[in-house]
Amino acid sequence: MRPVASLALLLAVATLASCAWAPPRPWEKGELAKPAMQFDADRLESRIQEHVYQSKEAASGGYGVGGGGCGCN
Amino acid sequence: MRLHRYEFRAMASSHEIVLGAGDALHAARTAEAMIADVQRIEAKYSRFRHGSLVSRINRAAGAAAVSMDAETAALLDYADTCHRASGGRFDITSGALSELWEFRRDPPRVPGADEIARALALVGWPSVERDHRSVRLPRAGMRIDLGGIGKEYAADRAAAIGIDGGIAHGCVNLGGDVRVWGGRPDGGPWRIGIRDPDGGRDPIATLDRFDGAVATSGDYERGFVVDGVRYGHVIDATDGRPVMHWRSVSVAAPLCVVAGSGATVAMLLGHDAPAWLAAQGCDWIGVDTSGAIHPRERRP
Amino acid sequence: MAAALALPGVVPAGAAAQSIPDEGRVELRYLDYRDWQSGADRMRVKSPSFHVMKPFAGTWIAEGGLVYDGMSGASPRFHNTLSGASGEGVRDYRTAGDVKLTRYFDRYAVGVGAAVSSERDYLSRAVSVDFRWWTDDRNTTLAFGFAGSSDRIDPVNEVVVGRKRHTLDFLVGVTQAVNANAILQSNLTVSRGHGYYDDPYKSLDTRPDHRRVVAWLTRWNQSIPAADATLRLAFRVLRDSFGSTSFMTEAQWVQTLPAGFTVTPGLRYLTQSAADFYRDPPFPTGFRPGEPYSADTRLSAFGAFTPSLKIAKSFERGWTADLRVDFHRQRGSWRLGGDGSPGVEPFSARWIQGGVSKSF
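Chains as they are written, first to last, in this note's numbering: chain A, 108 to 180; chain B, 4 to 303; chain C, 5 to 364.
Bound conformation, chain A alone (with noise of 0.2 Å):
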């Protein structure tokens, strides 16, 4: 994978973040606040997540770093 489709991804990305390209003022950022719109709302809900993907998968990454690892892998 293929450089291919990471630079497609990168392509794809690029592209939809330059399209809709606005920053928001403070004053514009109402829906921005909402807790669906978050990273990290629900911390202990995206752990398990992340946990249990990890026990079924090859390998895992990307949310963060610090959680400590586990027999399961």
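Hint data in this document are derived by calculation from the structure and do not stem from the laboratory.
In this text, all values refer to a predicted model and were calculated from it rather than measured experimentally.
Among the clues, some could well be false.
[To be verified] Listed below are the simulated DSS-like cross-link pairs for lysine-lysine, each with C-alpha atoms no more than 27 Å apart in a straight line:
| hint | chain 1 | residue 1 | chain 2 | residue 2 |
| --- | --- | --- | --- | --- |
| 1 | C | 317 | A | 141 |
| 2 | C | 362 | C | 314 |
| 3 | C | 168 | A | 141 |
| 4 | C | 104 | C | 168 |
| 5 | C | 104 | C | 50 |
| 6 | C | 168 | C | 362 |
| 7 | C | 362 | C | 58 |
| 8 | C | 50 | C | 317 |
| 9 | C | 362 | C | 104 |
| 10 | C | 314 | C | 50 |
| 11 | A | 141 | C | 314 |
| 12 | A | 141 | C | 58 |
| 13 | C | 104 | A | 141 |
| 14 | C | 58 | C | 104 |
| 15 | C | 362 | C | 50 |
[Stated by the list, open to error] Label-pair ranges, simulated between beta-carbon atoms:
| hint | chain 1 | residue 1 | chain 2 | residue 2 | range |
| --- | --- | --- | --- | --- | --- |
| 16 | C | 66 | B | 40 | 27 to 35 Å |
| 17 | C | 10 | B | 90 | 18 to 26 Å |
| 18 | C | 34 | B | 59 | 17 to 25 Å |
| 19 | C | 112 | B | 80 | 23 to 31 Å |
| 20 | B | 191 | C | 170 | 56 to 64 Å |
| 21 | B | 191 | C | 261 | 52 to 60 Å |
| 22 | C | 116 | B | 90 | 51 to 59 Å |
[As the list claims (entries may be wrong)] Sample of chain A residues facing chain B (criterion: CB under 10 Å; computed from the structure):
| hint | residue |
| --- | --- |
| 23 | 132 |
| 24 | 135 |
| 25 | 138 |
| 26 | 140 |
| 27 | 141 |
| 28 | 142 |
| 29 | 150 |
Every residue gets a Cβ at the ideal spot worked out from N, C-alpha and C, and that includes glycine.
The hints should help you fit chains B and C onto chain A, whose structure is shown.
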């Protein structure tokens, strides 16, 4: 998703909060918090309340400095910005002038030059001594009045409380100073009507906004007529006389405090207002003393 | 305008993507996990967990958590191997805890954390430091993280004793408010480790003693005010020096409903290639003494779908409750762009979790 409407009175005018929320209890609790903050600001900054901070500052004029908190310091900083932006015409210390021009004489007459000079002696924002912790009015009889800022600031804070409280759609109208966010729950913008300064029932224009604020400054609420000339209550602090060019100016801006101060400064700038408002990038609607609506493309 | 923004409270606190939480939060959660695979016994995990977060002294956040996993049944990781653990299935537990302290400054925040996880045969200790810096308008946040962990493996079958594994993790990430309705996060993590990676309960399992995993995760949250909903998207590309590459994509639709309810359907798809030294059944095909070898199906090539559904409700006085169900299925033939490992039976798992939280 329903619209929940709350009406209340504070700051000597009637206010309205409209919240779009699915849960009536959630809307009511959020509205309570918003109203409580509006009342807090009134209690703190109304010059008509004996115990308010503004009254304490005014009573201590010519005497001691009064200590103040960061919120008050920020409001005074903002007043300072408006003073500079208007070339000194916008001045929160112009209370003596307002009183002079608002005083109901029978029969009505225009105050004399000596009366204006006496009042002007009690006006002068640059002479106010302040730092981040305290403020002192240098002359006895001098006073400050946060009209034109305080109510608008309260509207912005109420909106912030609503947004932080998870209300996706809202409209706060504090005596004509309007702040909206999130559009209407049906997906349309909030429709903000501009009041007819002649007292007509129908709005003279409508501004549609999903997010933002509209505030109006005008002299139709208080004022008097002598020899066919209308004298309003928006006083130019540089010459001590009411401005005569506009009957009302409505300004749209992202924040209500900007719209409100922008509208007042525009009133004070007279015929220079259109150029100044264009430079600020603000959408606006003005009615001049002849009753004509500006900018031209706004005319019905 | 800038002068107006200096007025306190005119800008919603949430607008400051990096504002300090002003409320504490305590959460209790319970997980019930089970999986199955034809020809293998079921594995079941019951896991209560707890997390508390509390701001103090204006600029500090303290948080900590505990989790207990009670496992019973045989794991599919024993598939087709000569298990050295007890013959009647596994009954084991794991307890883990972590603490973290974060200090917020005007334009940045620094956090330090520690975590420990303990099982009968496995002890892991980790420390971490993270640093976040944001721009004046708080539309852009850069994050840097660093963690080190030291693990000790003492399998009950005593094929080895006191083997170690050391891992260093690095993270660099950016979070960007793209517009008033969208926020983007992109993280790159690199994990480098050395030490004992074999599975001591699998015969012949021999893995390299160095490992590097590079993962690039990008998430996009899109608010859709007209529908009163939020679309959450995630993409991840991952490359493991063991030879496996995976691509993951996930979408969730968070729908706000009346009376404080939200319903969140979601779908996750992962496709991975096999590790270089993975060998398909029948065991022990392809084993050569002295070379890496594993028949662990987690290292095989497969595709996996996980549909999920979550229902949450918020109540008065800061209470919330939620229930979430995930159903996970792996199949060799679902792998994208290549054949899966043909010798592995489809594997299924489902987990249900319920949580209650309170802000204070």
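Worksheet item: In this structure, is the beta-carbon distance linking residue 191 of chain B and residue 261 of chain C contained in 52 to 60 Å?
Response: violated (21 Å)
Practice prompt. Would you check the hint for residue 168 of chain C and residue 362 of chain C, treating anything up to 27 Å between C-alpha atoms as holding?
Written response: Between residue 168 of chain C and residue 362 of chain C the Cα gap is close to 40 Å, so the pair fails against 27 Å, i.e. violated.
Worksheet item: At a threshold of 10 Å, is the proposed contact between residue 140 of chain A and chain B supported by beta-carbon distances?
Response: holds (6 Å)
Worksheet item: Does the Cβ-Cβ separation between residue 66 of chain C and residue 40 of chain B fall within 27 to 35 Å?
Response: holds (29 Å)
Fill in: Satisfaction of hint between residue 104 of chain C and residue 58 of chain C, Cα-Cα up to 27 Å
holds (11 Å)
Item to complete: For the pair supplied as a hint, residue 104 of chain C and residue 168 of chain C, confirm whether the alpha-carbon distance does not exceed 27 Å.
Response: holds (25 Å)
Worksheet item: Taking only the CA atoms, is the gap from residue 362 of chain C to residue 58 of chain C under or equal to 27 Å?
Response: holds (12 Å)
Worksheet entry | Distance restraint between residue 168 of chain C and residue 141 of chain A, which requires alpha-carbon spacing of 27 Å or less | violated (44 Å)
Worksheet item: Is the gap between the beta carbons of residue 112 of chain C and residue 80 of chain B within 23 to 31 Å?
Response: Between residue 112 of chain C and residue 80 of chain B, where Cβ atoms are some 25 Å apart, the hint holds.
Worksheet item: When you check the alpha-carbon spacing of residue 50 of chain C and residue 317 of chain C, does it fall within 27 Å?
Response: Given that 27 Å is the threshold and the Cα spacing comes to 23 Å, the pair holds.
Discussion item. If I claimed the Cβ atoms of residue 10 of chain C and residue 90 of chain B lie 18 to 26 Å apart, would that claim hold in this structure?
Written reply: holds (22 Å)
Worksheet item: Does residue 135 of chain A pass the interface check with chain B, least Cβ-Cβ distance below 10 Å?
Response: holds (6 Å)
Hint compliance for this structure: hints 3, 6, 18, 21 and 29 are not met, and every other hint is.
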